[in-house]
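S.K.: From the two separate chains plus the hints, produce the assembled complex.
Here is how the chains run, residue by residue.
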Amino acid sequence: NAGVTQTPKFQVLKTGQSMTLQCAQDMNHNSMYWYRQDPGMGLRLIYYSASEGTTDKGEVPNGYNVSRLNKREFSLRLESAAPSQTSVYFCASSFTGSVGNEQFFGPGTRLTVL
Amino acid sequence: LAKTTQPISMDSYEGQEVNITCSHNNIATNDYITWYQQFPSQGPRFIIQGYKTKVTNEVASLFIPADRKSSTLSLPRVSLSDTAVYYCLVGASFYGGSQGNLIFGKGTKLSVKP
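Keeping their order, the protein sequence lines are chains A and B. Per my numbering, residue 65 is the first one in the first sequence, and the count goes up by one each step. Per my numbering, residue 458 is the first one in the second sequence, and the count goes up by one each step.
Isolated chain B (complex conformation) (with noise of 0.2 Å):
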């Protein structure tokens, strides 16, 4: 199972551009790498996905180097609301064949200071 490994907390001010590395060296060769944002009293919410190489969408990137065993969710220009805790995801298989080995990290709490 492909376990991942974040950092626990993060620290930023408004504006500045967040980068969350997540580590999985266990990863396997059709496991995609999912990133949920959660924030207190509420479900996670998705907000990334990528494969390999780099995905961008309106509210983050992630950047996956070749050999897949890590990867780095970027917040540009974060702000006051992005305060949350940010789940790396390892597992979601290509053709979505292997639910059960989903494996959510700990979580990296990012709080953002005015």
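Isolated chain A, as found in the complex (with noise of 0.2 Å):
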């Protein structure tokens, strides 16, 4: 049981460049999130899945898209990489059921746009 994945785990990219980053959760969770983390910040949530089909924008998704592939999988793109993007970016899962909505969390992707 792997939990939450993510790749790769560090990206450098260059200005305009694209690139996708990978999540994917094996604990048959129906919601995913994507979250970027500053130095000195807190995590900020970009995108969410509350279930297969469905996204959301959280507090910060300008620049970016996403994709709920199926159940499992959840990606994140940069379609032209800007250097405030350079960040360390999470995914994470969660069941949402009747009681709260604990989030597991992926190693994340730390990704320099130069």
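Just so you know, not all the hints are guaranteed correct.
Unchecked claim - Think about it this way: if two alpha-carbon atoms lie no more than 30 Å apart in a straight line, the pair counts; the simulated DSS-like pairs of lysine-lysine are: (1) Lys570/B x Lys121/A; (2) Lys511/B x Lys563/B; (3) Lys526/B x Lys460/B; (4) Lys566/B x Lys73/A; (5) Lys511/B x Lys121/A; (6) Lys509/B x Lys73/A.
As the list claims (entries may be wrong) - Non-contacting residues of chain B with respect to chain A, defined by C-beta distances greater than 10 Å in every case (computed): (7) Pro464; (8) Glu474; (9) Asp524.
Claimed, not checked - If the Cβ cut is set under 8 Å, some of the chain B residues that face chain A in the computed set are: (10) Pro497; (11) Gln499; (12) Pro501; (13) Phe503; (14) Gln506; (15) Tyr544; (16) Phe561; (17) Gly562; (18) Lys563; (19) Gly564.
No lab work stands behind these hints, which were simulated from the structure alone. We treat Cβ as the ideally placed atom computed from N, Cα and C, and that holds for glycine.
M.R.: Written out as structure tokens, the structure reads:
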């Protein structure tokens, strides 16, 4: 049981390049999330998906797109990377049941945009 | 949106009890209060979650007063390995229906000294 996995672990891009961050979970969770974390800041929600086939914007969605490919996978795409998108990106998942919303996080992707 | 306020940092010594308070004046009726722990270069990890009064598990206790405008995470007898950033999260709805308004505070950096 791997939990939440993310690929790649590290990535360096040039301004204007595109890339997709991959996330997968094997816990049969219905909700998945993408966060970014900048130095000295807390985590900020980019997009989330409450169930397969649905996605919604979080606090900082500009410059990103997401795809909920199936129940297991939720990808984050940067179409034209900018230096302001240099950050650590975390994917998370949860089972949205009747009591709260405990989230399980992946190990993160450290992205640098030059 | 229910934002949170926490102390930026706290120091403690091994064996002491540590209490970290989070202020959330605009908490909604259906919101839960959740605390996460994050070590450097890792994703956050769920510690404890509660709605009102007191919740205790094997690692921590969570105290929530009747007005729910604040909460206190209590770590008994901390060790060096408890050195981490602790986040207070408000917004996980009771029935898991409003994931979009999840907001992490900036966190409290706890340093445990020998």
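S.K.: Could you run down the list of hints and mark each one as holding or not?
M.R.: Checked hints:
With a CA separation close to 41 Å, the supplied pair Lys570/B and Lys121/A exceeds the 30 Å bound. With a C-alpha separation of about 24 Å, the suggested pair Lys511/B and Lys563/B falls inside the 30 Å cut-off, and the hint holds. For a cut-off of 30 Å, the pair hint linking Lys526/B to Lys460/B stands: about 11 Å separates their Cα positions. Restraint check: the Cα-Cα separation between Lys566/B and Lys73/A comes to about 24 Å, which is no more than 30 Å; the hinted pair holds.
This hinted pair does not check out: Lys511/B and Lys121/A have alpha carbons roughly 33 Å apart, beyond 30 Å. With a C-alpha separation of about 38 Å, the suggested pairing of Lys509/B with Lys73/A is violated against the 30 Å cut-off. Non-interface status of Pro464/B relative to chain A is upheld: no Cβ of that chain comes within 10 Å, the nearest being about 14 Å off. Against the 10 Å criterion, Glu474/B stays outside the reach of chain A, whose nearest CB is about 24 Å from its own CB.
For Asp524/B, the condition that its CB be more than 10 Å from all CB atoms of chain A holds, with the nearest at approximately 20 Å. For Pro497/B, the suggested interface contact is broken, since its CB lies about 11 Å from the closest CB of chain A, more than 8 Å. For Gln499/B, the shortest C-beta to C-beta distance to chain A is roughly 7 Å, which falls under 8 Å, so the interface hint holds. Among the interface hints, the one on Pro501/B holds; its C-beta lies about 5 Å from the nearest C-beta in chain A, closer than the 8 Å criterion.
Evaluation of the Phe503/B hint against chain A yields a held restraint, the C-beta minimum of about 5 Å falling below 8 Å. Below 8 Å, beta-carbon pairs count as interface contacts, and Gln506/B has one with chain A at about 5 Å; its hint therefore holds. With a least beta-carbon distance of about 6 Å to chain A, the hint placing Tyr544/B at the interface is held under the 8 Å criterion. The closest approach between the C-beta of Phe561/B and any C-beta of chain A is roughly 4 Å, which is under the 8 Å cut-off, so the hint is satisfied.
The criterion of a C-beta within 8 Å of any C-beta in chain A is met by Gly562/B, whose closest approach is roughly 6 Å, and the hint holds. The beta carbon of Lys563/B comes within 5 Å of a beta carbon in chain A, closer than 8 Å, and the hint placing it at the interface holds. Using the Cβ-Cβ criterion of 8 Å, the hint placing Gly564/B at the interface with chain A is satisfied: the shortest such distance is roughly 5 Å.
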